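Asker: We have chain E; now place chain S onto it with these hints.
Number of protein chains: 2
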Amino acid sequence: MIIKGDIIFTKNKEKFEIYENGFLLIQNGKVKAVQKEYTGIEKVIDREGMLIIPSFVDLHLHANQYANCGLGYDEELLTWLEKYTYPEEVKFKDLAYAEEIFKEVLNKLWEAGSLRSVIFASLYKDASELMFKLVAEAGLSAYVGKVNMDRNVPDFYIETTEDSINFSEDLIKEFSNNDLVKPIITPRFVPHCTIESMQGQADLAKKYNVPVQSHMNESLAENAWVKQLHPQYKTSTDVFEQYGLFGSNSKTIMAHCIHNTKDELELMKKRNFYPVHCPESNANLTSGIMDVKGMLAAGLHVCLGSDISGGHNIYMPNQIILAIQLSKMKARMEDDLSKVLTLAEVFYMATKSGGSFFVNTGSFEEDYSGDFLVIDTTSIMAPREVRSPIERLEKYLYIGSQNNITERYLQGKKIDKPFKE
Amino acid sequence: MIIKGDIIFTKNKEKFEIYENGFLLIQNGKVKAVQKEYTGIEKVIDREGMLIIPSFVDLHLHANQYANCGLGYDEELLTWLEKYTYPEEVKFKDLAYAEEIFKEVLNKLWEAGSLRSVIFASLYKDASELMFKLVAEAGLSAYVGKVNMDRNVPDFYIETTEDSINFSEDLIKEFSNNDLVKPIITPRFVPHCTIESMQGQADLAKKYNVPVQSHMNESLAENAWVKQLHPQYKTSTDVFEQYGLFGSNSKTIMAHCIHNTKDELELMKKRNFYPVHCPESNANLTSGIMDVKGMLAAGLHVCLGSDISGGHNIYMPNQIILAIQLSKMKARMEDDLSKVLTLAEVFYMATKSGGSFFVNTGSFEEDYSGDFLVIDTTSIMAPREVRSPIERLEKYLYIGSQNNITERYLQGKKIDKPFKE
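Residue numbers (the numbering used here), protein chains in the order written: chain E, 1 to 421; chain S, 422 to 842.
Next comes chain E alone, as it looks inside the complex (with noise of 0.2 Å):
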C-alpha cells in the first residue's frame, strides 16, 4: 500500500518530519518507508493535499464516566469522585447500559482518531470483559483495565481483595493472546487499594508479565491521604514500590504525576515508567501543572490522556494545545520561560511517546505500525488562505475537529465508523 500527501510525524521531540506530496509505503501493516519520491509500479492512494499523521495513542482514560464530560467541575477530585463519578460507574452492573455507553466511547475514540487507547473500564468483571470484545469488535487496538478498589470507597461501590485479584487474573487469562486488545492490571490508586490487593495485583503482574496502570499525585489532598493511610512511608510512590507495583518488571503507566517529590523523579527515570499528563483534567479538578518540560528533559516517556470525564474532551488535539498553553502559564508564573512546551513536543508526546507504549507505534520509521489519519484542512482555510504543511497541522490542531479527518487506518487497515448510533 503506498499513499501519498502531506506526510508529517515526530521521530523525536524536537522537531517534526515533514514530506510534502511524499509517499508513505505500508508493508504487512507496517511501515515499510517514507520517502520524496516514488518511481515503483504500484497503485498509489492520491491524497495530494491532505495531511497523512500518525493516529493518536490516548494513554488514560475512563470509559465508564463517559456520560458525565462536562460535569461537576466546580468540585476538586476527592469530592467530585464522591458527588458524581460513583454513582454514575455503579451503573456499570447493568450490562446492556455498559453496552451502550462503551459502544459509544469507541465511536468517539474512533471520530477523534485515537485509534489506539489504555482504557480504565470497570469495576465489574462482566462489564470488564465485554469492553475487550466490543474493542476487538471495532478493529481499535486497546488495554483495557479492570479496576480494582476494595478500600475507603462507598458501601454500594466495592469489591473483595479477593474478587479484585481472582477477575484480574480471569481476565488477563481471557484475553493474553491478541494483538490489539491486552489487559493491564488497574490499582485505581493507592487509598482505595489494600495492602493485600496490591501485593496480590503485583504478583499478578509480575506471574504474567502484564503492564501496570494507576493514578498519582494527582491532588495534594490526595498526597496528603496517601501518608495518613501509610505513615511509614512518604509517597505513593514509595508504597506502589514497596508493594510492587511500580514498573520494576512491567511497563507502568501513572496518571497525572503533577506534585511529585526529587526522590520519586529518579525513581520514574529507573524504571520503564510512563507518566500521563492529562491537561484538561487537571485544570477541570484544580488540580495543578505538570512540570512536563522536565519530566521530558529528564528522560521519561512522557505521555498525553484525555482522562475522561476529569477531562471532557476525548478528542486529543484539544489536549494537545492544552498542554501548550498550560506549560506557558507555567513558565509565566514561575518566570522560566524555558519551560514552554513546543508543538513539536506534545505532538511526539500524543503520538511516538504514548505510541512506545504499544511497541514501535506513533511514527512513520520503519517498522512501525501502519497507524495513520488522513486529514483535509480545506473547511478550517480561510478565503484565500494558502499555508505550507506544518501551518496546515497547526491550524488543524487548534481550530480543526474530528470532521477534518477523512480516513483512518490502523496496521494499515482502513477502519470505519464502529457502530451503528
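Rather than coming from a laboratory, the hints here were simulated on the basis of the structure.
Footprint (simulated), chain E over chain S, 3 or more residues, beta carbon under 8 Å:
1. 516 to 530
2. 760 to 770
3. 802 to 811
Computed from a prediction, not measured in an experiment: that's the story for all the values here.
Glycine included, C-beta positions come from ideal geometry on N, C-alpha and C.
Answerer: Chain S alone, transformed into the frame defined by chain E:
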C-alpha cells in the same frame, strides 16, 4: 412573541436564574417578562426541552487577523505582531479581500451565537467603512473601530497622525445614527500611537461622546516598552489618562489588563471601565493570567473576548471554559482557592457584563434587549442520559459546539446566516 423552553440567565455573577419549562415574553424587541406559567391567548413558540439563554457578547476581536487563527503561537506578543500579524493586516488595502474575510468573520460570529461584538476592523478607512456596512447587512450588532497606529510599526504598515484623526472622525460622522452598529475610537496601544494621535483621538471621543477601546498591560515586554517610550509615566494607564483616553468622558474598553499596578486598579474603579479578559489569547501568547476574581470583586465590569487571532476560537464557550480553567491554575499556583471562577461568574461575564457595554443587554430582566439563543443538547447527551436544565447548560458549554445552537434572535428578531459561502 412568547417562547417556551428551559430559560437560564444571570442577573448577577453569583448565580443562575433557571426557569424550567418557562416562558420568555418579548415585546417591541425587548424582554417583557420571564414567567413560570403563561395563560394568555397568544401563540407560544414551543421549544420545550431546549435551552434558551442570552446570546454571547464578544468584547474584543480583530476581524482582520481572522486568517491567522491557529498560527504562530510559538511567539510572544511583540514578535508575533511583527512576524504574523502586520503582514496579514496589510492585505486589507485590497477591499475585495477585506470583504471576503469580513463576511466570513460575521458568519462565524453568527454561528457562534455572538450576536454583539466590539471589533478592531482595519487600519484602512475603506476596509473599516466596509465592516460597518457588512455588520448592518448581517443584521448583527457591533461597535466597529478603525485601528489607529502612527508610530513604531513597519514602514509598509503605518499612517500619518492626520489620517488617523480625520478618517476616524469621518467614520464617526457617517455611522453615529445607527442603533445596532456604532463607532468606537481605537488607538491600537500606547507604543503605536504618538502623543498627538492620542490627544486627537481623545478630543474625538469627547466631541462625539464615542467610547474608546485599546489594549493594555498584556505583556511584560509591552509594559517595559511603554515605560521606555514615556519615562515620565509609570504605566499605560498613566499615559492614557494624561492624554484623555481613560474613560473620563465615555466608556472605555481595555483588552487584557493582566499586569496591573494597585494605582491602575484604583483608577479603573473610578471610571466607566471595561477590562476584557481574553483567556485563550493570553495563554497562546504566554501573556499571563488576569486576576479576574479580584477584579470582579472590586466591582469592575470584567468581560470576555475571543481576541482572534491571539485567541484561535471565535466561539465564546471555549473562552468561558478556559477562563475557569486558568483561574483554577492561578488559584493552585498561588495556593489561594478563593480565586477560582465559577461557571455562573464567567457566564455572566460573557452575557450581562459584556452586554452592559451595549446597555440593557445580556440578561432577561425587564426592558433588556430580546437577544437570545435556542440550544438543542440532544446530540451531546450519552445513551439514556437525562439531565436538569443547568446540567445541560454546563454540558453544552463544555462539550457542545456551534452546531447545538438552532436559533438566534437579536432584539426579538430571528437572524439567519448572514452571507452565502
